[in-house]
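Keeping the supplied structure of chain F fixed, place chain X upon it in accordance with the hints.
Residue strings, one per chain:
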Amino acid sequence: MSSHDHAEHHVTPLKVYFGVYGTLLFLTVVTVGISYLGMPPTLSIIVAMAVASVKAFFVATWFMHLAHDTKFNILFFIASLWFIGVFFIFTVNDLASRGRVMKSSDTFEYRIEKAAKTPIK
Amino acid sequence: MSAHEDHPYYHAHHFHSMEQQNASAKLGMWAFLVQELLFFSGLFMAYIAMRFFYPETFELVQHKNLLSIPWGATNTLVLLTSSLTMALGVRAAQMLPMVKNAEEQKLRKQLMNYLLVTCVFAGMFLVIKYIEYSHKIHDGLLPGTFYSYDGWQANIEGRDFGGVVGSGGEMIMTEAPQIFFSVYFMMTGVHGLHVLIGVGVILWLYLRALRGEFNRENYAAVENVGLYWHLVDLIWIFLFPLLYLVQ
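Chain order of the listed sequences is F and X.
What the first sequence shows, in our numbering, is residues 1 to 121, in sequence order.
What the second sequence shows, in our numbering, is residues 1001 to 1247, in sequence order.
Derived from the structure by calculation, the hints contain no laboratory data.
Where hints are given, some of them may not hold.
DSSO-like cross-link-like pairs, simulated, lysine-lysine; straight-line CA separation at most 30 angstroms [as the list claims (entries may be wrong)]:
hint : chain 1 : residue 1 : chain 2 : residue 2
1    : X       : Lys1109   : F       : Lys15
2    : X       : Lys1064   : X       : Lys1106
3    : X       : Lys1106   : F       : Lys15
4    : X       : Lys1064   : X       : Lys1109
5    : F       : Lys71     : F       : Lys117
6    : F       : Lys15     : X       : Lys1136
Far from chain F by the CB rule (all over 12 angstroms, computed), these chain X residues [to be verified]:
hint : residue
7    : Tyr1010
8    : Met1029
9    : Trp1236
A quick note: this is a predicted structure, and the numbers were derived from the prediction, not measured.
Each residue gets a CB set at the ideal place from its N, CA and C atoms; glycine is no exception.
This is chain F alone, in the form it adopts within the complex:
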């Protein structure tokens, strides 16, 4: 019998479930309310994602029982977040550093322009 027997049979008290639920409701009100403050787009995305992450933490830890689960399942979950992070960061870095490639390169006008700038040898 290993220690995770107890983890599976841990019955979460009702108080905890309702407490988490109340917190989630409150955070939903907060996130909607903040959106009416008229913040600049970048900041509002960061704040909205921060609030969403806090809500996600509460759902994952108590509703999904990660607080009382084997460490390996927690690692699995965190690992997926890590790889999503890698995916986002590298792709955004690429997008941000190439300008409007899809619009500005290899159009007829662009090539005419480029040809006009090339000195005749």
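Only chain X this time, still in chain F's reference frame:
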């Protein structure tokens, strides 16, 4: 020859204990959830890329209130509540006694009620999504080539720029208004499909509970479907602000 007397029917022979079987089942579900997260991350990446290249279509939707925040917020509260009732259902299943006594009947009824209520809330979510989608279809706010909205006002030199006049009289231009709606319908559509599938699986659990299949040793199915349901809720928690709230 295996001794069937010491293995209840739900204990598969290749596991030496129910604890091991349940732990394996849960890990299997977490592996699936990790896949779901990575799957949705592709859609979120599409959101990021489209927002990066066409920020004005996202701002315009906010500016014109084309997405109803009250409906979206209601859907968020509906899903959060369904997560609570699902968690309470799992809790009831965890406490089911091994013998079919009066307490077992009571807890089984509780489990079945919580599963049913979760489905009701999921149904509410889908109805609200249906209402929102009907408005969009009616207004022609559809993805890609199906886009036919004519609520914009900008008309420069006889060409329709799909733009709108801002509060200061300035022109807020967008060259591809349908892009937001491609992202919107793809993300909420795939999410809604997951909700629908979840309803089906929860109803399956309801039937199994009705037949008295669960007890405090054998409730892994309820718990794992619960995990799936919480993930569906989690995804909406991120979808809602990105699509409805962010300017």
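Now the hints, each set against the structure:
For the given pair, lysine 1109 of chain X sits about 21 angstroms from lysine 15 of chain F by alpha-carbon distance, which is consistent with the 30 angstroms threshold. A hinted pair counts as satisfied when its Cα atoms are at most 30 angstroms apart, and lysine 1064 of chain X with lysine 1106 of chain X does not qualify at roughly 52 angstroms. Only pairs whose Cα atoms come within 30 angstroms are accepted, and lysine 1106 of chain X paired with lysine 15 of chain F is accepted, the gap being roughly 21 angstroms. For the proposed pair lysine 1064 of chain X and lysine 1109 of chain X, the alpha carbon gap of about 48 angstroms is over 30 angstroms, so the pair is violated.
As the CA atoms of lysine 71 of chain F and lysine 117 of chain F are separated by approximately 62 angstroms, the hinted pair breaks the 30 angstroms bound. A threshold of 30 angstroms between alpha carbons decides the hint, and for lysine 15 of chain F with lysine 1136 of chain X the separation of about 41 angstroms lies outside it, so the pair is violated. Non-interface call for tyrosine 1010 of chain X relative to chain F: holds, since the shortest CB-CB distance, roughly 15 angstroms, exceeds 12 angstroms. With a cut of 12 angstroms on Cβ distances, methionine 1029 of chain X falls inside the contact zone with chain F, its closest approach being about 9 angstroms.
The beta carbon of tryptophan 1236 of chain X sits about 10 angstroms from the closest Cβ of chain F, which is not more than 12 angstroms, so the claim that it is off the interface is violated.
Consistency note: the structure conflicts with the earlier hints numbered 2, 4, 5, 6, 8, 9.
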